Amino acid sequence: MRAFETTPVESTTEGQAAAATLGRAIVITSGKGGVGKTTTTANVGTALAALGKRVVLVDADVGLRNLDIVLGLENRVRYHLLDVIEGNVGLDDALVRDKRSENLYLLAAAQAREKEDVDTAEMMNLMEQLRERFEYVLIDCPAGIETGFRNAIAGAQHAIIVCTPEVSAVRDADRVVGLLPNGWSPELIVNRLRPALVKKGKMLSVEDVNAILRLPLLGVIPDEPGVIVSTNKGEPIALDENSAIGAAFRAIAGRIVGEDRGEVSTTTPEPGFFTKLGALFGGRA
Amino acid sequence: MLDFLKKSDFFKPFFRREGSGATARERLRLVLLSDHLSLAPDVVDALKAELFAVLSKYVDIDPQHAEVTFEMREREVAMLASVPILAVRNDRPSAPRPPAPPATRVRRRKRKGAVQTKLVPTSMGNSAQA
Ligand SMILES: Nc1ncnc2c1ncn2[C@@H]1O[C@H](COP(=O)(O)OP(=O)(O)OP(=O)(O)O)[C@@H](O)[C@H]1O
Ligand SMILES: [Mg+2]
Numbered sequence: 001m002r003a004f005e006t007t008p009v010e011s012t013t014e015g016q017a018a019a020a021t022l023g024r025a026i027v028i029t030s031g032k033g034g035v036g037k038t039t040t041t042a043n044v045g046t047a048l049a050a051l052g053k054r055v056v057l058v059d060a061d062v063g064l065r066n067l068d069i070v071l072g073l074e075n076r077v078r079y080h081l082l083d084v085i086e087g088n089v090g091l092d093d094a095l096v097r098d099k100r101s102e103n104l105y106l107l108a109a110a111q112a113r114e115k116e117d118v119d120t121a122e123m124m125n126l127m128e129q130l131r132e133r134f135e136y137v138l139i140d141c142p143a144g145i146e147t148g149f150r151n152a153i154a155g156a157q158h159a160i161i162v163c164t165p166e167v168s169a170v171r172d173a174d175r176v177v178g179l180l181p182n183g184w185s186p187e188l189i190v191n192r193l194r195p196a197l198v199k200k201g202k203m204l205s206v207e208d209v210n211a212i213l214r215l216p217l218l219g220v221i222p223d224e225p226g227v228i229v230s231t232n233k234g235e236p237i238a239l240d241e242n243s244a245i246g247a248a249f250r251a252i253a254g255r256i257v258g259e260d261r262g263e264v265s266t267t268t269p270e271p272g273f274f275t276k277l278g279a280l281f282g283g284r285a
Numbered sequence: 001m002l003d004f005l006k007k008s009d010f011f012k013p014f015f016r017r018e019g020s021g022a023t024a025r026e027r028l029r030l031v032l033l034s035d036h037l038s039l040a041p042d043v044v045d046a047l048k049a050e051l052f053a054v055l056s057k058y059v060d061i062d063p064q065h066a067e068v069t070f071e072m073r074e075r076e077v078a079m080l081a082s083v084p085i086l087a088v089r090n091d092r093p094s095a096p097r098p099p100a101p102p103a104t105r106v107r108r109r110k111r112k113g114a115v116q117t118k119l120v121p122t123s124m125g126n127s128a129q130a
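Protein sequence lines correspond, in order, to chains A and B.
1 is the number of the first residue of the first sequence in the numbering used here; add one for each residue after it.
1 is the number of the first residue of the second sequence in the numbering used here; add one for each residue after it.
Isolated chain B (complex conformation) (with noise of 0.2 Å):
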């Protein structure tokens, strides 16, 4: 039980907890997240690639008519692949898949046919612009 309202709170967001300080620096980090993803088109290129060279392993997508964007919401930024499926490949490889790398909390739904993927990014570095 107390385990259970410890949890709750940590859960809780900041900027509900304390004063507009707590605002701001929520803000802060949420602005600078998105301002250096727009900096470094390098970096999301990179990832795109890697990303549907992931997918392709296990089905047929169609990258041409893919769209990966970055959407900044109230409490997260959050990374939006659509990514459209073609087929199942057969040559699929099987489980187990690896492990998520610790500073990312990777959720996936599946709608429509397409594959959704949504990056919460939980840390962030200085601004890394060459």
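Extracted from the complex, chain A is given alone in its bound form (with noise of 0.2 Å):
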């Protein structure tokens, strides 16, 4: 069994105590910067609210907001996490609903505001109410291992590790994980994976990544332009059928749930394989 699994809270509805199940406050982290936290917090939230569960995505990047816009949920979000902290307006006023899945929800981060402005205790009383109405809490941290990372960490019970293949995201991953909490048990996301160049030797391989962290591996995720254009248009791409990325996504989301999907693959299908497979069935390339 799986360190996320939880208990379905289908019965929580807004009236009722919150005697239920608390859902799971997961951290998506890395150290580094730009490998790959927020379009994995996106894409594996789209891909659990697409599975029926109820989910909510917190920007904790305060001053640096993206995950918005990689939902294409910009020119919906009135209010944000502070917002909410200092009691200038309430949770429901400031949670955004997905335009496409009404199990999915969006807190957004300042962006006027300093990582410092957040207080932890407060940040950590949020997520608890966050986890009292949603099955998964995702929280998209910032890079480094200061304030914001120390708060992003505050009020979950697990972390995602994204790592890509290279010297600088593996040592910082590496650093992360020893300054998680005791008792912890981080899962591991390898991000830009290049099957062909690790096949000619010129890129670390999910294996040579993994013998430094050594972490139960969740999923590998090819690099494919792919997840440019995905974000250019605000659509996820774990909804695209046709795309290698998105079955990775919709994988992880799978394990994350507790379905059993055997041992991740340590390699990803060549670029344009699904596409072809797409072309062949009729589907949008």
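Hints in this document: simulated from the structure, not taken from any laboratory.
Only a predicted model underlies this, so the values are computations on that prediction, with no experimental measurement involved.
Treat each hint with caution, since some may be false.
Partial list, computed: chain A residues near chain B (C-beta under 7 Å) [stated by the list, open to error]:
#1 Val-167
#2 Val-170
#3 Arg-171
#4 Asp-174
#5 Gly-201
#6 Lys-202
#7 Met-203
#8 Leu-204
#9 Asp-208
The following residues of chain B were derived to be distant from chain A, with all beta-carbon distances above 12 Å [what the hints assert, rightly or not]:
#10 Val-44
#11 Ala-53
#12 Ala-66
#13 Thr-69
#14 Glu-71
#15 Arg-75
#16 Glu-76
#17 Met-79
Just the calculated beta-carbon pair ranges, DEER-fashion [stated by the list, open to error]:
#18 Leu-47/B with Thr-267/A: 35 to 45 Å
#19 Glu-114/A with Leu-47/B: 40 to 50 Å
#20 Leu-51/A with Val-54/B: 56 to 66 Å
#21 Asp-42/B with Glu-116/A: 22 to 32 Å
#22 His-65/B with Thr-267/A: 53 to 63 Å
#23 Val-59/B with Lys-202/A: 44 to 54 Å
#24 Ile-228/A with Ala-78/B: 36 to 46 Å
#25 Ile-69/A with Gln-64/B: 57 to 67 Å
#26 Ser-265/A with Glu-74/B: 33 to 43 Å
#27 Phe-52/B with Leu-51/A: 55 to 65 Å
#28 Glu-116/A with Val-59/B: 45 to 55 Å
Ideal Cβ positions, reconstructed from N, Cα and C, are used throughout, including at glycine.
Put the two chains together into one complex, using the hints given.
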């Protein structure tokens, strides 16, 4: 059984007391910047919601708000996390519902504020409130290991480490793992893998990365320009049936909810495989 | 002859044998080794204390003026210990010495009355920070 498994809280309607099981708060972190935390949070969240789970995505990158853009929700954001923490508005006013899924919500970060403005105890309190209402709380952590990182992990119980097959990313991931609370068992996502380069011996393999980090492998995501296209449009690629990346994110969501998907493959299909498959079955390429 | 060839290939550094992925692998190994040492001052302190204790069995040393440092090099992380020796002890224990632990190769050099110890670790662990 995976650490992430949670019992369904279908019975938790708005009016009911908080006696029901709390949801899981999972922080997506990496140490190094730009390795795919926000992309992962948006897509894993989207895929979890598509599985029928009630999910809220929390942008903890105060001052550098991004998650709303990746989800295409930037026009709907009125209030943010600090507004809630500081009591300016209620939680319901600040939660933004996704365009596509009724199960998916966003709590945006404040763009004009600083990470030091967040009070750790208040943050923990807010995460607990969210866990009363959602089965999964995914927290998009800022890069670094300072205040922003500490606040992002404060209200969580689990961590997903995102790492790319690069020396600096693995080094930072190793450092971050050492800073997580004792007793956590973080899981690893290797992002931006290019299997053709690995085959030629020109890129660290998933095995190389995990020979260092030694974490349970949650997923491997290929490097594909499709991510950039989907970010441009504000449509998470997790919903694209014809994309290898979409499939990788859906597999991760499946594992998080406890589906038995066997061992994670340490390589990914060559780019184009899914596009060709899609074309073959009349899908859009 | 064949054996010798195999051996010489075995000792070739990784990054001459393969592509840049292997270079990355080797750099990663070294950088983490060095990170883990600098993140574990308690381990380094304990190591120093034991090192001095062992040396003191054979020679009188001046721990006040001893220096133990770790240095990142192209192909290894080395521990450099410079320990002033004041005198050889008369009550020093005699051989045999205990065997070196399997994961570590230890080479010793003598120079100008100081003991030079170089440790070349061959394996490393996960970020073992408390
Ligand atoms: N698998 C992938 N293939 C191609 N591009 C990717 C992939 N994953 C992420 N990217 C791109 O890399 C860039 C950084 O991704 P993202 O913003 O998710 O990283 P981050 O870890 O959240 O960054 P930051 O530390 O700045 O918050 C984006 O332009 C994104 O589109
Ligand atoms: Mg981000």
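Okay, the hints, checked on the actual structure:
Satisfaction of the interface hint for Val-167/A is found here, the shortest Cβ-Cβ separation to chain B being roughly 5 Å, below the 7 Å cut-off. With a least beta-carbon distance of about 6 Å to chain B, the hint placing Val-170/A at the interface is held under the 7 Å criterion. Because the closest C-beta pair between Arg-171/A and chain B is about 6 Å apart, less than 7 Å, the hint holds. With a least beta-carbon distance of about 5 Å to chain B, the hint placing Asp-174/A at the interface is held under the 7 Å criterion.
With a cut of 7 Å, the hint placing Gly-201/A at the interface with chain B holds, because the nearest CB-to-CB distance is about 4 Å. With a cut of 7 Å, the hint placing Lys-202/A at the interface with chain B holds, because the nearest CB-to-CB distance is about 5 Å. With a cut of 7 Å, the hint placing Met-203/A at the interface with chain B holds, because the nearest CB-to-CB distance is about 5 Å. At a threshold of 7 Å, the smallest CB-CB gap from Leu-204/A to chain B is about 5 Å, leaving the interface hint in force.
Checking Asp-208/A against chain B: minimum C-beta separation of about 5 Å stays under 7 Å; hint holds. Remark: the non-interface label on Val-44/B is consistent with the geometry, its nearest Cβ contact in chain A lying 16 Å away (cut-off 12 Å). Every CB of chain A lies more than 12 Å from the CB of Ala-53/B, the least distance being 29 Å, so the non-interface label holds. Here Ala-66/B stays apart from chain A, with its beta-carbon at least about 29 Å from theirs, past the 12 Å limit.
No Cβ of chain A approaches the Cβ of Thr-69/B within 12 Å, the least distance being about 21 Å, so the stated non-interface status holds. Every beta carbon of chain A lies more than 12 Å from that of Glu-71/B, the smallest distance being close to 18 Å; the non-interface claim holds. With a closest Cβ-Cβ approach of about 15 Å to chain A, Arg-75/B is found to remain outside the 12 Å limit, as its non-interface label requires. Every CB of chain A is more than 12 Å from the CB of Glu-76/B (nearest about 17 Å), matching its label as outside the interface.
For Met-79/B, the requirement that its beta carbon stay farther than 12 Å from each beta carbon of chain A is met, with the minimum near 21 Å. Checked against the given bound of 35 to 45 Å, the beta carbons of Leu-47/B and Thr-267/A, roughly 40 Å apart, stay inside it. Range check, Glu-114/A to Leu-47/B: Cβ separation about 41 Å, and the 40 to 50 Å hint holds. The hint said 56 to 66 Å for the Cβ distance between Leu-51/A and Val-54/B, and at roughly 60 Å that hint holds.
Asp-42/B and Glu-116/A have their C-beta atoms about 30 Å apart, which keeps the hinted 22 to 32 Å range intact. Checking the proposed 53 to 63 Å range against His-65/B and Thr-267/A shows it holds: the Cβ atoms sit about 55 Å from each other. With their beta carbons about 51 Å apart, Val-59/B and Lys-202/A fall inside the hinted range of 44 to 54 Å. Ile-228/A and Ala-78/B have their C-beta atoms about 44 Å apart, which keeps the hinted 36 to 46 Å range intact.
Hint check: Ile-69/A to Gln-64/B, Cβ distance near 60 Å, so the stated range 57 to 67 Å holds. Checked against the given bound of 33 to 43 Å, the beta carbons of Ser-265/A and Glu-74/B, roughly 35 Å apart, stay inside it. Range check, Phe-52/B to Leu-51/A: about 60 Å between beta-carbon atoms, so the 55 to 65 Å window is met. Taken as a hint, the range 45 to 55 Å holds for the pair Glu-116/A and Val-59/B, whose Cβ atoms sit roughly 54 Å apart.
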